[in-house]
Every structure is written in C-alpha cells, then in structure tokens.
Amino acid sequence: MSENKGKTFFIDQTRCTACRGCQAACKQWKKLAADETVNTGSYQNPPDLNGHTFKLVRFNEVEVDGKLKWVFFPEQCRHCLEPPCKMMADAFIPGAIIQDEVTGAVIYTEKTKELDYQTIREACPYDIPRKEESTGLLTKCNMCIDRVRAGMLPACVKTCPTYTMHFGDRDEMLAIARARLAEVQKASPAALLADSDLVRVLYLCEVHPSHYHHHMVADAGNASDRIGPFSRRALLAMRPLRTG
Amino acid sequence: MTNHWIDLKNSDVLLIMGSNAAENHPISFKWVTRAQQRGATLIHVDPRFTRTSAKADLYAPIRSGTDIVFFGGLIRHILDNELYFKQYVVDYTNASYLVGPDYDFKDGLFSGFNPQTASYDRKKWNFVTDDKGVTLKDPSLKDPRCVLQVMRRHYARYDLKTVVNVTGMPEDKVLAVWNSFASTGRPDKAGTILYAMGQCQHTVGVQNIRALSMIQMLLGNIGIAGGGVNALRGESNVQGTTDIALLCDNLPGYLPIPRATWADYDAYVKAGTPVTNDPQSANWWSNLDKYAASLLKAMYPTADHKEAYTWLPKIDDTKVVEYSWLSLFERMYNGGFKGAFVWGQNPCAGGANAGKNRKAMATLDWTVVVNLFENETSLFWKGPGVNPKDVKTEVFFLPACMSVEKDGSVANSGRWLQWREKSARFMGDSMSDGDIVIRLFEEVRKLYKAEGGKHPEPILNLDTAYLKDGAYDASALARRLNGTFLKDVTIADKQWKAGQQVPGFAALQADGSTACGCWIFSGSYTEQGNMMARHDRTQTPEQAAIGLFPNWSYAWPANRRILYNRAGVDQAGKPFDPKRAVIAWNGEKWVGDVPDGGWKPGEKLPFIMVREGRGQLYGPGRVDGPLPEHYEPFESPLAGNPLSPQRVNPTALHFAHEEKAVRDPRFPYVCTTYRVTEQWQSGTMTRKTAWLKEMQPDGFCEMSRELAAQLGVRNGDQVVLESVRGKVQVVAIVTPRLKPFTVMGETVHQVGIPWQFGWGQKKNATFDSANLLSPSVGDPNTGIPETKVFMVNVRKAPSGKQG
Ligand code: SF4
Ligand code: SF4
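Going line by line, the protein sequences match chains Z and D.
Residue numbers are given in the working numbering: position 234 of the first sequence equals residue 234, and the series is strictly consecutive.
All you need for the working numbering is the position in the second sequence, starting with 1, plus 1000.
By construction, these hints were calculated from the structure, which means they are not laboratory data.
Misleading hints may appear alongside valid ones.
Taking lysine to aspartate or glutamate and the EDC-like style, the derived pairs with C-alpha atoms no more than 16 angstroms apart in a straight line are [what the hints assert, rightly or not]: (1) Lys-67/Z x Asp-1057/D; (2) Lys-1688/D x Asp-35/Z; (3) Lys-67/Z x Asp-1172/D; (4) Lys-1739/D x Glu-63/Z; (5) Lys-69/Z x Glu-1082/D; (6) Lys-1763/D x Asp-35/Z; (7) Lys-1688/D x Glu-36/Z; (8) Lys-1762/D x Asp-35/Z; (9) Lys-1739/D x Glu-61/Z; (10) Lys-1763/D x Asp-100/Z; (11) Lys-1762/D x Glu-36/Z.
Reference listing, derived: stretches of chain D covered by chain Z, where coverage requires no fewer than 3 residues with Cβ under 8 angstroms from a Cβ of chain Z [to be verified]: (12) 1018-1027; (13) 1043-1054; (14) 1190-1201; (15) 1686-1695.
Here are the in silico distance ranges between beta carbons for each label pair [as the list claims (entries may be wrong)]: (16) Ile-176/Z x Pro-1144/D: 54 to 60 angstroms; (17) Lys-1727/D x Phe-92/Z: 53 to 59 angstroms; (18) Glu-63/Z x Arg-1714/D: 18 to 24 angstroms; (19) Arg-149/Z x Pro-1170/D: 38 to 44 angstroms; (20) Glu-63/Z x Pro-1384/D: 38 to 44 angstroms; (21) Lys-186/Z x Asp-1172/D: 22 to 28 angstroms; (22) Gln-1037/D x Ser-210/Z: 23 to 29 angstroms; (23) Lys-158/Z x Gln-1280/D: 49 to 55 angstroms; (24) Lys-1796/D x Lys-158/Z: 58 to 64 angstroms; (25) Leu-1160/D x Asp-35/Z: 32 to 38 angstroms; (26) Arg-1038/D x Arg-149/Z: 34 to 40 angstroms; (27) Pro-1170/D x Lys-158/Z: 38 to 44 angstroms; (28) Asp-35/Z x Arg-1714/D: 19 to 25 angstroms.
Cβ atoms here follow ideal geometry from the backbone N, Cα and C, with glycine treated the same way.
Whenever a hint applies, use it, and build me the whole structure from the sequences.
Right, dumping it as structure tokens:
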C-alpha cells in the first residue's frame, strides 16, 4: 500500500517516563499471560519480548557526552511498510502473515503455527516475532486492530499519560513527528526519527539509536532518518538468512 | 497542593525534591512534560537518579536528611543576592514583623527549651505588638529585629561551602539549582515545588516543608498559576482522609482535637479560635465556632451541641505525637492494648520498624483486619520466624470491597472531590467500608443498650442515618458532610428551610441550626445536587488561559482551584503576571478563580488562614522552632552536626530505650526507602495483579558501582541489609544512578531499598519488607516516622545468587 496511507504511531521517547502503563495495558487488552519473573538486577521485566509480551519497555543506563542518561524504549512491532516477515512467510505459507489494507497493520494469523519460527524471527530486521509455546502461534503486536477498526486508539496509546505515544493517520503522524524532531534537535542535534520512511512506528530518539537497543533501527551501522533508497527487499537481501 | 495537577503546565521552573513524581505519580508527568514542552526547566534533587531524574533538565544528588541545609543555603543565597520579590515579601509575608526580645537561637537551640520535657515554651518566640495588640512592623525591612533580618542572621551559617560539605552535592550543581529556581523571584516568572514523602518522613519533616514554603514566599510563588507548594498525595484518597481527620491531632475540616483541659464547648472554642486586632486580617479561623457547632450537630442532630461536645473523646494535655502511629505501636509493644482494628493498612510491612510492629501485634488478644486481601498483618501469626502456636492473638479478617465496587468521592492532590459511581459488583462476602463500620457500630450500640457501660451517650446518641435499602449510602453521608439546615434560617434576605442543603460554609451557624460534617467540603452537595459528580468543561477565557475547570468536580474550599490567590495580585487587584492571572479585579468584581474571600482588592490580607493574614516566613506555631534549622537524622554517618552542637532535633519523637546507629562502624551506609511505580503501598493489592508483579517481582537494593566493587557484589547478586533493628535479603541492582557522596571530606555511601516487597509478595519469598530496617523515630509536630534515612550494613548474601 502507498507509503503515505494507513495508520502510524509516533512515539516521542523524550517524554517517556517508563511508567510501563503501555506494557500493562497491552497485556490487559489482549488478555496475555504474565510470567513468574525474578529481578535480575534491572527494572526491565520480562527481560525480553516473548510469546505473550508484545510491548516491552526497555531500560538502558548510558553515558552520553559525560552525562548519565537512563533511556527508555517502549518497544513493539514497527509495522513495516513492506514487512519482510510477511514476504518470508508468503514464500512458505501464503496468508499466514497478512497486512491490513486500511491501516497497514501487519497481522499474524492462526496459520503462523505452520511457519518456521526462526526463519520468520530472523526475517524481521527488528527482532520482534516470538513463538507462544502454549499455542504454537507466532505472536507480536497487531496494532490493536480490533480497537482501531472500532474507532478506538490502541490500548498502549490510550494509556500513556505523558503523550509519548501518538496514533493516527500516517501523514498527520509524520507531520507532528517531524515538527517535534525539529524542536528536540535544538537542544539535541543528534536526535532523529528511526527508520521513519520504512515503518509505521516512528521512534523519536534523542540520543543515538544504539543507546536504546541494538535493534532500534534495522541497520544499526547506518542509523539514520535517511536510510534512503533501500527497499525492504534490499535490506532483506543484505541479511544473512538461516533457515531450518 | 496549593495548586492542582493541570496547573503544573503553567510553571517556568519545576523543582521536584523529596519526590519521585514520574514513578509514584505518573499522571503528574502529563503536566510536567507539557510545561517542559513550553520551555520550562525541570529540576530533580534526590539521593538517587530515578525515572524522574531521567526526564529532568538538571539533576542534583543530595545526601538523605540534609534538605534544610540545601534550603537554608538557598534562603541565604536569595537574601544575599536580593533575588526575592520585594513587593510580595513586604506586602504579603511577615518579613517586616518585629520579633520580640525573648527570641534567641544559640548552639542549635531556640530560646525557651526545656530539656526535662524536650519541648519549647513557644511564647518566647512572639512578635512585638503595639498597645492595640497588633504586631509592629518595619516595611523597610531594615530593623535588625524584623523577620527578614532575623532570617539573614539565622542562615548566615548556611554558606555555599557548608552546604556542599554537608549535603554532598557538588558545588556546581548547588549553584545551578539555586540560580535556576531563584530566577522565578520575578512577577513574570512562576516556580513550583513538588514534594512527597521524601520531605515528610524525617524527624525534621515539618520544618523541611516550612523551609520550601519560605522559599516560595520569598520568590512570590504562592497564589500564582504555575507556582505553589505542592504535596503530591499518593494513596488514592490520602487527601480525603486528612481532610476528614484520620489523624490524631484534629477533627474533620482541620478543627483542633479536643483536650481534657478544654472541658466544655466554650473552653474549646476559646482555645481554638485565634484572635487578631489587625483590621486587615480576615483571620478565617475566627469562624471556628460555626464549624465546630455544625460538626457536632452532624454527629448528634437532636442534641444540644454544647452537650454533645462533652461526649467527644479528648486527648490528655501531653504532646499530641503521643497519640500518633509510632507511639501507638510502642504502647502496643508494651502490652498497652487488648485489641486493635487495622483498617486498610499493613503495619507489619508498610509501617516503620515493622519487626517491632509484628511483635506488638502478638501482644493483642484480638485484632480485626479489614482489607481487600490478606497481607503480612492479617497473617502476622504465621510470618517468617513465627510459630502460630506461640501467638495468642485471635485474628478476624473482614473482606472489604474495592473502590470501583462502591460509590463515593475521592479527593485528589489538588483538593478536587471527585465522585465515582460503583462500576462493578462486590465479590463474595466483601462489603463496603461504610457497611462494615455501620454494622459494627450498630452491634456495639445494641450491647450498650442491653448491658449499659461507661459513658454510653456518645454511642447511644450518634446519628447513623446513612442507610438506603439497608445498605450504606455514600450520597447520604456526602450530603451530611456538605451540611444541612436543621431549622428555617434567613441569611442575607434569603430564606432557607429546615432540611435544605446549605449552599456553602458561609451559611454555617454557631447556634446549632446547621449540621455539617466537614466545613471545608461545604458546597460540594448543595440544593443543586452533587457538585462532585460534575463533568462540565465550560470555562471563561481567563480560566481557559491557565487550564482551570471550575465546573469539573468540586474543589475544596469553595471550589477554589488555586489557594491564596489574592497573593497573586497587587493591592489594586491587578495580577502580578497578567499572562497567567489566577484572579483579577475588573473594577466591579473578581474574574478567574474563586478568590480567597470576596472582599475588594487591598481590603484584606491574602493569607486568610493565618491569624495575621501574612505568609509566615517566621512561624512561631510549630513545636520545634520558628525557623527551620538543620539537625542530622537520628541515625547518621556523622557523629555531630556541622551546623551546631545540637546533633538531632531536640524535640523529635523517639524512644530512648531503642538503640540508634550514629557513626557506627557496624552500620556504615546511609539507607533510604521508597516505592516503585508498579507496586502500590505495601503491595497488598498490586501483588495480586500478575501483570504488575511480573514487572517488579522482588525486593531489591540499589547501590553504586563503587560500593558494589568494594563489597564484591555483582549486579543481580543477593545481598543482606542489616540495621540495628533487623535484616533483609534482596537482589542487588548495581547502578551508575547512585554515586558515593563526599561529606565533610569523607566518602559516604548511600543505598536504597523499596519497602513494598514484604514476605507476602510471592510464595517462598526470600526477601522481606524494608521496614524491618527502619527506625521508630518521628517528627515532633506530626509523629511521621523517619523512614527516609537510617544506617545499615550491606554484605553479599552467603549463597550469592537467588535460591
Ligand atoms: S498496539 Fe495494541 S498490541 Fe500493539 S503494543 Fe499497543 S497495545 Fe499492544
Ligand atoms: S505509557 Fe507512555 S510514558 Fe509510560 S512507559 Fe509507555 S510510552 Fe512511556
């Protein structure tokens, strides 16, 4: 679908307080299971995305220009404009992963049970897909497609108290994201919108994307808002694929 | 809060100190971030770099328990550099008042100290008055006896070097914070201070808040949009419970608690009513008799209110803190009680010195625990190290339903009474608190009727007509709290009939013709209906300019959204900052917010709740001194107090037989306690919510990399924390967010531990509540425990890793 149509998130990480309202709201709306976790020396918990954790706030302590920063990354599926996971899935089980015509949401269906987990996970430049052991399904954020179709905001966006999370039509989101970026760049010239021409989740990074997470951007070595002419396919082709 | 949540967005400089607002009041950041987006500066002062610090433009670390050093230094800085708002200070504060000859401060003590009783004779701190009893003033602020000059002398010791040495805050940070915040001492700038338990839970808690209030007065930041002294209330209805007097020192609406020496109603009114001879002072508390009579009539509508006064319980003429939390548990520990109701609380995990509280509970014959779920208190008899066979206490558990299962109001930090309707059916045998109280009460009343008893009148006569269809009806109580005419009354040519709701507290009468359960709530449930349930966003342009929604819920008092707003305008009623006017006189009337009294501009002084109408830079009313003074925490890494020979607050609440760790090599590290976003209070509710528990499953201790290296502790290891009182084992979070302090030339390590993880958090928990470590010492005005600073040792747990 056209790159200026459909829906998009704008996530202004300069404002995120890591309250994790979004993480809890996602689980609540989607009735996802919680694990008996332990504290491993970090606030981040569960330690990683999993079959029943589609939204995870990552906590990272970093030093930037001699100043301590605690950066928070409310991570979720980026809903790529041209989703490599779907392309890969289509090669095996067409229709297992679909893209919603109206919103652009990338949706995993029941048929993902039949896909090879590692193949699909590795196709994702952001390392998002996970397998839910209890059902055998591959899972991730589905843009709260049920809510969005009913005219509601995604649960995580609705919950966010700080206006970190925004959701709406792509052109509108791009406009507010760019305006906010310009604002933030006044104080933090290195700020950027991660992979904004490739994905439907626009993360505003105040510091270098690698400080948030090594998969913040598709190509960590070339983190930029202007990743430019590379198509998803080109990106995909550059990634070594393991199948099996 | 003098202001309210939305108003935070109006601020230019926000100082969060003694609060981790981003974590503990996540919604506050909806407005804090709006202010930042407008270009405001956010400052965070805290021993720990937290999620709040992560969002701050300026973070400055401070050793726990040294806030007054920091504030005192800032006061000196403001005075030395003439950064205060002169017109405001002269017109609206008591800076010009002349302090009497008996006032003195020497060697860390104010005049009038009696070491036998550990208390002050506060008369020694009085002002000088003229022959009419009005305080003498020097508006030029030059008289050496005037408050401003007394302050100058008092804070002369709080120089930059001393502040740096005692607080451990690096000098550049001290200056950066001071200069940034003091930049708001201009009419066109607004600075706000947000605080929470980090200021209160100290043996100098009240004086901490006095100090920050003084700074706000010097800078002209009270009564304006984007300013104020803003206590962030955490527990969902803690503001409401304070208003309604869930405290030992007052009756609903902040009326004084009756004392044994005030044997009759007239004596109570006389003692409780401040007198002023200053014609400009509104002295609002001169209305006390109207509020007291109406309260008594709310409880006993058919009795004479003077007689009803004799039925009220009265405290002895001792220090009021002898009735506070710590004192109750001391007495219980010593076998002083037969039974206890523990209602919506968890003293065996959430209370200071929880180990003592657990032992105290075991002295009881019975206890009734009312809560949503079982917790460390209802199950104290089978907690760690307790053999149920050894416990004689009979424990009754009454399941309460939760907030969404009942109607009622919740008062938020901004004093908004917000009505909520029941949205789910209660589960199982649970009941609303209202039903539990009324049923219990009626059973007790039956026993009194059947068997008689000592002093039966208060029980037999209490009015409990709050039932509808046999169940407690929150609306009926809310109507009573607002107030009702008991007789036909004419007020300013308007006729009111018996049975009608009073329109507001101005209609309350001293002769018993009105009943009102809490005068400050008056106006919240009138003949127009339940004002607390309003969801109307209508506002005038003036109100829209500062985010004021007068038709949304109801704010006490009188639907005023920003308190002391008459201090935000000059004597002609012109706002100091017209861009952010809270109120303004348009030549005929006030526009904007509800003014603090409707008098014309300049007619009355703005601080209507204090006797003489001006903000009290010098406050002779507190038991521990008229000016905040630094004392070390009861447990401290220092042997003395670098500011004076008096080490600790000489009037603080403490129990001499309990040992304290003072520069004790066995307990070398400063420890503070706090909460996390994901758990609520002692965890009783949130640990049942799997999604929250998954995010914060275990107790932990945050420590610096430097200390961890010294102790051989790696991130994620199990560590043992030990204080004089007890020990707990938790997970170590080794982090650059904590850094060692340099205090008086020595390295001082500070660690921190959330108190929300008691042994009930999860099955076979190896950790326990941080309150096993915290001491039973408290503020002398309020009794609040010093849980924010005490001394511990930390070592790697024998097994190293979690089992
Ligand atoms: S959009 Fe819905 S599914 Fe996706 S992260 Fe947000 S709440 Fe979860
Ligand atoms: S709800 Fe908003 S502020 Fe809270 S963690 Fe999520 S994105 Fe951040």
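Tested hints:
1. Lys-67/Z x Asp-1057/D: 11 angstroms, holds
2. Lys-1688/D x Asp-35/Z: 13 angstroms, holds
3. Lys-67/Z x Asp-1172/D: 14 angstroms, holds
4. Lys-1739/D x Glu-63/Z: 14 angstroms, holds
5. Lys-69/Z x Glu-1082/D: This hinted pair is violated, its Cα atoms lying about 35 angstroms apart.
6. Lys-1763/D x Asp-35/Z: Roughly 14 angstroms between the alpha carbons, so the hint for Lys-1763/D and Asp-35/Z holds.
7. Lys-1688/D x Glu-36/Z: 12 angstroms, holds
8. Lys-1762/D x Asp-35/Z: Between Lys-1762/D and Asp-35/Z the Cα gap is close to 12 angstroms, so the pair holds against 16 angstroms.
9. Lys-1739/D x Glu-61/Z: Holds: Lys-1739/D and Glu-61/Z sit about 14 angstroms apart, inside 16 angstroms.
10. Lys-1763/D x Asp-100/Z: Violated: Lys-1763/D and Asp-100/Z sit about 44 angstroms apart, past 16 angstroms.
11. Lys-1762/D x Glu-36/Z: 9 angstroms, holds
12. 1018-1027: With 4 residues closer than 8 angstroms to chain Z, the stretch 1018-1027 of chain D meets the three-residue bar; holds.
13. 1043-1054: holds (count 5)
14. 1190-1201: violated (count 0)
15. 1686-1695: holds (count 6)
16. Ile-176/Z x Pro-1144/D: 54 to 60 angstroms: 59 angstroms, holds
17. Lys-1727/D x Phe-92/Z: 53 to 59 angstroms: Once the Cβ atoms are compared, 57 angstroms apart, the range 53 to 59 angstroms for Phe-92/Z and Lys-1727/D holds.
18. Glu-63/Z x Arg-1714/D: 18 to 24 angstroms: The hint (18 to 24 angstroms, Cβ to Cβ) holds, given that Glu-63/Z and Arg-1714/D are roughly 20 angstroms apart.
19. Arg-149/Z x Pro-1170/D: 38 to 44 angstroms: Violated - the Cβ-Cβ distance for Arg-149/Z and Pro-1170/D, about 55 angstroms, lies outside 38 to 44 angstroms.
20. Glu-63/Z x Pro-1384/D: 38 to 44 angstroms: Given a distance of about 40 angstroms, which is inside 38 to 44 angstroms, the answer is holds.
21. Lys-186/Z x Asp-1172/D: 22 to 28 angstroms: With a Cβ separation near 24 angstroms, Lys-186/Z and Asp-1172/D satisfy 22 to 28 angstroms, so the hint holds.
22. Gln-1037/D x Ser-210/Z: 23 to 29 angstroms: 26 angstroms, holds
23. Lys-158/Z x Gln-1280/D: 49 to 55 angstroms: 51 angstroms, holds
24. Lys-1796/D x Lys-158/Z: 58 to 64 angstroms: 44 angstroms, violated
25. Leu-1160/D x Asp-35/Z: 32 to 38 angstroms: 51 angstroms, violated
26. Arg-1038/D x Arg-149/Z: 34 to 40 angstroms: At 36 angstroms between Cβs, range holds.
27. Pro-1170/D x Lys-158/Z: 38 to 44 angstroms: 42 angstroms, holds
28. Asp-35/Z x Arg-1714/D: 19 to 25 angstroms: 24 angstroms, holds
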